[in-house]
Amino acid sequence: MNQFGDAIVYLNDPYNWTRPGGIFDLLVEHLAISAVAVLAAMVVALPAGVALGTSGRGGGLIVGLSNVSRAVPTLALLTLFAVSPIGFGNPATAIALAVFAIPPILTNTYVGFRGVDADVQEAARAMGMSGGQVIRRVDLPLAMPLVMTGIRTATVQVVATAGLAALVGGGGLGQIINLGFGQQNYGEMIAGAVLVAALALLTELTLVALAWAVTPGAKRFPWTATRRPDAAGVAMTPEPTAAGVPL
Amino acid sequence: MVLLEAVDQAPNPWFDPSYVIDNWTTILRYLGEHVRLTVLAVLLGAVIALPLAVLARRSRFLAGPVLALSTIVYTIPSLAMFAFIFPFTGLSSTTVLVGLVAYSLVILVRNFLAGLQGVPDDVREAARGMGYGPARLFVQVDLPLALPAFMAGLRIATVSTVALTTVGVLVGHGGLGQLIVGGFNANFYRAEIVTGTIGCVLLALLADLLLAGTERLLTPWARMVRA
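Each protein sequence line maps, in turn, to chains A and B.
Take our numbering: the final residue in the first sequence is number 247, and no numbers are missing along the way.
Take our numbering: the final residue in the second sequence is number 227, and no numbers are missing along the way.
These are computed hints drawn from the structure, not numbers from a lab.
Hints are not guaranteed to be accurate.
[Claimed, not checked] From the structure, some residues in chain A lie toward chain B, with a derived Cβ separation under 10 Å:
| no. | residue |
| --- | --- |
| 1 | F4 |
| 2 | A71 |
| 3 | Q121 |
| 4 | Q183 |
| 5 | A209 |
| 6 | A211 |
Beta carbons are placed, not taken as given, at the ideal position from N, Cα and C, and that holds for glycine.
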């Protein structure tokens, strides 16, 4: 497997990292596209999820939306936005990725706020909390693990699929894979794949740590979810919603 | 310059029935490849996932690594996955198939394991007390009780495999994805792109409906409870 050696050589050359249009430049571009996409999705999905979850309406709509979004290939939407009047490039990529980031955030926020114990809410109201206070100081902490799961899923998905934009004229680290393949420079292609995969895994780990930090109460890592049966001896169900879809 | 202007002003509709009619055999060929890759990937994934899930249920030590590994495989982007496999299998549909099997495998292991863990211990105990052997216990007790979770896993795996197959364009075997990227490369030919996209979505929905129907047929007792 000569190509894997070539990949190491490529990654070891500092010039490949620092030259204009090199790995650092592409990494910054990749992260900027991803950040814009995730933030845009959060602006849309978090308020909608809170509103629908606290009122308990629109569940069927959300389930339908997340199912349909799974059936639409990311590559197709990236291509469609690229040939729309927006034109190909980073804005089109960010919009397409934001569309795919909405369902996981929306679904998890909805489920999180929906699942808050009604007794707890009633107790909070009986203690004189206003509607806004109940949402901020009771619902939000209780829904936090699921809200963070949604944001983590969406972010990892965006960072991972941003690479696909390179197939249709977009920027980011996927360009290294696409360029290496096009030039039959398979060492470069594999180096790009290593970078894209490492970035996705790092994003996952960062977001897990972030979720750990902002979640009040008992701490638990996501990958131990089904391992330990809870007190009743019933195994924890795996994470709900769109978490389990490859990118 | 004149030529460029002509290209700019040429109509580029989002959908064009004449494109579908004129290129029917090409579309069918890509559709066939898409279906073949999806069916093979989900079947192979299920065949590998079932024994893994059974083993993982039996021992806690195995369940941890199996789930951790599946989390890592999920996180690897499909483009990178195909690029990793390419040096071994080259420009063939095998490259795409191996990647798709890996993804469907990790979805299915999780859902199969969740289904098997959801079988109440009392029920298994009762079956053993009635003299069921391990094989009969699995086929007549575990399997029917875990069936809804199994089918849910198969549906998710199938729908996401249909979507993921498009990324196989990297090595020239992306099924309907060939139309999507082919249209982009053919001077942003929208009709071809939209035809490929609609084909993918319809295929995914059709596969999901078929599996939902199969689940209904396989679990007549679920309907009886509801009625």
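* To do: Mind listing which of the numbered hints don't hold for this structure, in increasing order?
  => 3, 4, 5, 6
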